[in-house]
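Counting in the UniProt record's numbering, the final residue of the sequence shown is number 217, and the numbers go up one at a time with none missing.
You may find that some hints are simply not true.
Quick list of in silico lysine-lysine cross-link-like pairs, DSS-like style, CA-CA up to 30 Å [stated by the list, open to error]: (1) Lys188 x Lys68; (2) Lys188 x Lys161; (3) Lys60 x Lys100; (4) Lys153 x Lys60; (5) Lys124 x Lys68; (6) Lys144 x Lys162; (7) Lys209 x Lys100; (8) Lys144 x Lys188; (9) Lys131 x Lys162; (10) Lys100 x Lys68; (11) Lys68 x Lys121; (12) Lys209 x Lys188; (13) Lys124 x Lys162; (14) Lys188 x Lys124; (15) Lys144 x Lys161; (16) Lys121 x Lys100; (17) Lys100 x Lys188; (18) Lys144 x Lys157; (19) Lys60 x Lys124; (20) Lys157 x Lys68; (21) Lys161 x Lys124; (22) Lys162 x Lys188; (23) Lys131 x Lys68; (24) Lys188 x Lys157; (25) Lys60 x Lys161; (26) Lys68 x Lys153; (27) Lys153 x Lys209; (28) Lys157 x Lys121; (29) Lys153 x Lys121; (30) Lys166 x Lys153; (31) Lys121 x Lys131; (32) Lys153 x Lys188; (33) Lys166 x Lys144; (34) Lys131 x Lys60; (35) Lys121 x Lys166.
Calculated from the structure, these hints are not laboratory results.
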Amino acid sequence: MVSGNRGWKNRWVLLCGVLILLVTGYGLWGKQDSDYSLSSGEEKEASHLPDFRYTDQNGKVIGMDQLKGEIWLANQVFTRCPDICSPMTANMARVQQELKEAGLDIRIVSFSVDPEHDTPKVLKRFGENLKVDFSNWHFLTHEKEEQMHQFLKQSFKAPIKKRIPKSPGDVMTISHSSRFYLIDPGGKIRGTYNGLQPDYARIVSDASKAAIAVSAK
Numbered sequence: 001m002v003s004g005n006r007g008w009k010n011r012w013v014l015l016c017g018v019l020i021l022l023v024t025g026y027g028l029w030g031k032q033d034s035d036y037s038l039s040s041g042e043e044k045e046a047s048h049l050p051d052f053r054y055t056d057q058n059g060k061v062i063g064m065d066q067l068k069g070e071i072w073l074a075n076q077v078f079t080r081c082p083d084i085c086s087p088m089t090a091n092m093a094r095v096q097q098e099l100k101e102a103g104l105d106i107r108i109v110s111f112s113v114d115p116e117h118d119t120p121k122v123l124k125r126f127g128e129n130l131k132v133d134f135s136n137w138h139f140l141t142h143e144k145e146e147q148m149h150q151f152l153k154q155s156f157k158a159p160i161k162k163r164i165p166k167s168p169g170d171v172m173t174i175s176h177s178s179r180f181y182l183i184d185p186g187g188k189i190r191g192t193y194n195g196l197q198p199d200y201a202r203i204v205s206d207a208s209k210a211a212i213a214v215s216a217k
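Please construct the entire structure, taking both the sequences and the accompanying hints into account.
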């Protein structure tokens, strides 16, 4: 009877541990709060991205200088991601297609949160496996993970947590934002959207409004 009680206790502890991991992981992937986009009156409140220079899947340097004057979309991924990154990339590919159908030529920038592993070659293979249209989509990496993480946390105000495997059966994971971000020509975040369940119509609408505002200047 004692061993039976102990078995139930062990199972209960295991179940609680799994639930805690799920809740914690969900929170670290980025709070799935409501999408938002800034009105012209809220422009001063927009977060401004610092300067950066990273390398894309073709070995080309992409940074604020190359994106200056453009509207672009951003998100965070990594190629060893066991869960959300492939669906997010597929969702972004649909955003890309819908933007093109709306006549909007908007670049997409996916920052790797595992840059020391995700070389340009690895990122290109990742995109090819998911049949990504690279014509206006840059997967960016950097030789120093710490620098990339610092930039992303400062830019998008979301945590990044890396879990190192403790045993041969463990999987390395990096919890990161699951949001899509709309960036204006001045490098300000003008909208943020759920990357796992995107409101495609809203993203296209916000991007279209931003493009009209740019052309009017």
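Here's how the hints hold up against the structure:
no., hint, verdict
1, Lys188 x Lys68, "11 Å, holds"
2, Lys188 x Lys161, "25 Å, holds"
3, Lys60 x Lys100, "23 Å, holds"
4, Lys153 x Lys60, "23 Å, holds"
5, Lys124 x Lys68, "24 Å, holds"
6, Lys144 x Lys162, "14 Å, holds"
7, Lys209 x Lys100, "15 Å, holds"
8, Lys144 x Lys188, "24 Å, holds"
9, Lys131 x Lys162, "27 Å, holds"
10, Lys100 x Lys68, "20 Å, holds"
11, Lys68 x Lys121, "26 Å, holds"
12, Lys209 x Lys188, "15 Å, holds"
13, Lys124 x Lys162, "23 Å, holds"
14, Lys188 x Lys124, "27 Å, holds"
15, Lys144 x Lys161, "16 Å, holds"
16, Lys121 x Lys100, "26 Å, holds"
17, Lys100 x Lys188, "22 Å, holds"
18, Lys144 x Lys157, "20 Å, holds"
19, Lys60 x Lys124, "12 Å, holds"
20, Lys157 x Lys68, "21 Å, holds"
21, Lys161 x Lys124, "24 Å, holds"
22, Lys162 x Lys188, "27 Å, holds"
23, Lys131 x Lys68, "28 Å, holds"
24, Lys188 x Lys157, "13 Å, holds"
25, Lys60 x Lys161, "28 Å, holds"
26, Lys68 x Lys153, "21 Å, holds"
27, Lys153 x Lys209, "27 Å, holds"
28, Lys157 x Lys121, "29 Å, holds"
29, Lys153 x Lys121, "25 Å, holds"
30, Lys166 x Lys153, "25 Å, holds"
31, Lys121 x Lys131, "15 Å, holds"
32, Lys153 x Lys188, "15 Å, holds"
33, Lys166 x Lys144, "23 Å, holds"
34, Lys131 x Lys60, "20 Å, holds"
35, Lys121 x Lys166, "28 Å, holds"
Comparing the model with each numbered hint stated earlier shows that all of them hold.
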